[in-house]
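Required output: the full structure, derived from the provided sequences and hints.
There are 2 protein chains.
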Amino acid sequence: MKKGRAELVCTGSELLGGKLNLYAPLFAERLAPLGFALGREQSCGDSLEEIADAMKGALKRSGLVLVCGGLGPTFDDLTRQAAAAALRRRLIYSKDCARILAFNYGLKKLPPNFKNQCLLLEGAKPLENSNGTAFGQVIRRGGKMLVLLPGPRQEWEPMFPNFLDEEIRAAFRRPPVSVVKLRAAGLWETQAEKLLRPAMRRFPGLGFTILAGPGTVEFHISGADGGAVAGAAAVCRRLLGKALYGEGETTLAAAAGEKLKAAGKTLACAESCTGGLAAELITDIPGSSDWFLGGAVTYSNTAKSGLLGVRAATLRKHGAVSAQTAREMAAGARRAFGSDYAFSTTGIAGPGGATPGKPVGLVWFGLAAPRGVKVFSRQFRGGRRQVRACAANCVLDELRKILK
Amino acid sequence: MKKGRAELVCTGSELLGGKLNLYAPLFAERLAPLGFALGREQSCGDSLEEIADAMKGALKRSGLVLVCGGLGPTFDDLTRQAAAAALRRRLIYSKDCARILAFNYGLKKLPPNFKNQCLLLEGAKPLENSNGTAFGQVIRRGGKMLVLLPGPRQEWEPMFPNFLDEEIRAAFRRPPVSVVKLRAAGLWETQAEKLLRPAMRRFPGLGFTILAGPGTVEFHISGADGGAVAGAAAVCRRLLGKALYGEGETTLAAAAGEKLKAAGKTLACAESCTGGLAAELITDIPGSSDWFLGGAVTYSNTAKSGLLGVRAATLRKHGAVSAQTAREMAAGARRAFGSDYAFSTTGIAGPGGATPGKPVGLVWFGLAAPRGVKVFSRQFRGGRRQVRACAANCVLDELRKILK
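Taken in sequence, the protein lines are chains A and B.
All the letters of the first sequence, read from the start, carry residue numbers 10 to 413 under this note's numbering.
All the letters of the second sequence, read from the start, carry residue numbers 10 to 413 under this note's numbering.
The hints are simulated quantities; they were obtained by calculation from the structure and are not laboratory data.
The reader is advised that the hints may include incorrect statements.
One copy or two, either will do: identical chains are not told apart, so a pair holds if it fits within one copy or between any two.
Calculated cross-link-like contacts (lysine-lysine; reagent style DSSO-like; alpha-carbon spacing at most 30 Å) [stated by the list, open to error]:
1) 118 / 134
2) 69 / 28
3) 274 / 383
4) 28 / 410
5) 28 / 268
Computed from a predicted structure; not experimentally measured.
Quick look at the structure:
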């Protein structure tokens, strides 16, 4: 068994049907500062044998096993029973848990379905749930730790700062894994890999992960040696240069927004092919109303003329997907909203709409600033969603680059 | 071993770091018509022992095991070697594969990194890759089947219709699992569960899954008995009544769009708190330009007045988040874009912005139709993203309900 290896078991038949399991990265992030890396993730249906089998396998391979879900009050919540079977331990009714639940819910007598939630594995330590009725449980055996957690994120997440960080640290005393996340835009995953290879060679003891988004690339540098991680991050920052737009959990829109806010400037936009996506990325940021005045989604030519003042002659002569239209859209948005800066997008997101000389994926952009309007174009690959996402990120990237 | 049980093994260290694994639902959907349900999903890092161990476990429990990823040309592509170790079979260089690759890429001699991709497990059948260089492999042993697939979706997905559907059907001859997906809006997951309980009781042999989205609920009914699935679906449709907005892969925006298109009518919108999200959901639909004219994202009061003609007195007297402003925004959008219908959203997405009597999550909506404007409000729970997503879905749901 490798030291510092953890495993995650997610339960719920819906995870094998239609629901996306979004938990592995969230748990990985929680575990790194505690000195653990995820070695495997398993998703199981709501079956006692299945969950018990997954748990047993995980406990054989790993020092720390987290099981998420199946602690509710209903018939298909079987994680407690599965853990009892896997560890061959009894389930014991906890009067303390019953008292806490009754107090929290202002009940004199617990209804029957709460009683199932007061069953603890023999020797388990209960973890109070600040957002629900299911207790978590920590069970230690032979230098290993099994943790049972409720399924909903808002229920298990607070258990880390409240109890688990301390429990895990005290039990294992592992050095934290340092993680630096660098975010870049305007380069492909393969370009990024090539660019960063020198850093990866120079720090062979560290973990490097490259994650590609639409027009963006994320690098994670991780390792127990915090100095080496910081050193590698410094090298990577230099190698990335202007492509680096931020670190941690930031976004392109947030990077542009911070610059605007610092300069006391405002932004507006005019979108055709991105159809509201760029505005959505901007307004997703709390407080964006401080610097974002609004946007126009002008899907029709009439809207381009009526709201933004794009001339009918421009649309007739050059078409909606053209440098000239992009220019007039950006200038028009800046005028209509009275903002300092404005950008525009007009292109062919597909699958239909291509014309000779204007293939699917072609997008024209305009960037209007106090000193004038700049236009440029890109040819993106992929389906409708990919083209739109790349276009929105591309114009936000150019915007944050022209801002001081 | 349960018949018709399949397992999925996904490889790639990034799946345990920061990348979401989106594959389980996609594979579940591919496998249902072949008579298989996913019994477990495992995500492993790029380690030969780890992948081999996950494969061995899966093959013990299941008749069909799919392994996705790790077939590329580089040092960390170890799935072929792991399968050889797990099955104790040799890897053999395939001249046929080499010939196909050389032909596809117009090469006389294969470069060394292509050679690794010509290694087949003894007795394996190669699956040609129409979008990449990695062959898939099908290995049969003792009534079971192991399938190795390349990681990128655009590479493994076409292998199903091209080869795998036929291979799996011929090997197992299982009756397909029928699946019906019903989509509803305007009710909570718990309400939906209560509403549908009679159908679940009446068809105990079927699988029912309830998936909650922001303001939407999805029901999957599945089973080998197609007649029973159709019968249960009919009962559920009746129980859901007007809450049912579509079936299969449709969305609320698409449901509204189909009605608009059929009636030859057009739509526009004015968004404040949803900040472009509603327009984005609409323009995500290919061909939406036939009936969607555009939208205004009016984050500032000036934009509300300038673009939509909301009166300064209305904003002053009632505030931006009010029935009156929602009404003038919707009417203004209908006028500005010249559309038959228009909707508006104005609310407090949070975390800031609450005022006495106007808590975070309060959203006012307007729906402008040829016969007049209707306004209504909702109080949503959750964080900024959840409030925005619920608000966008809520107004699209009301829109599709008022359309004939």
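Comparing the hints with the structure gives:
1. 118 / 134: Answer is within: at 23 Å inside a copy they meet the 30 Å cutoff, but 64 Å across does not.
2. 69 / 28: both (28 Å within a copy, 26 Å between copies)
3. 274 / 383: within (18 Å within a copy, 37 Å between copies)
4. 28 / 410: between (38 Å within a copy, 27 Å between copies)
5. 28 / 268: Answer is between; shortest inter-copy Cα gap is 28 Å, intra-copy 38 Å.
When held up to the earlier numbered hints, the structure conflicts with none and fits them all.
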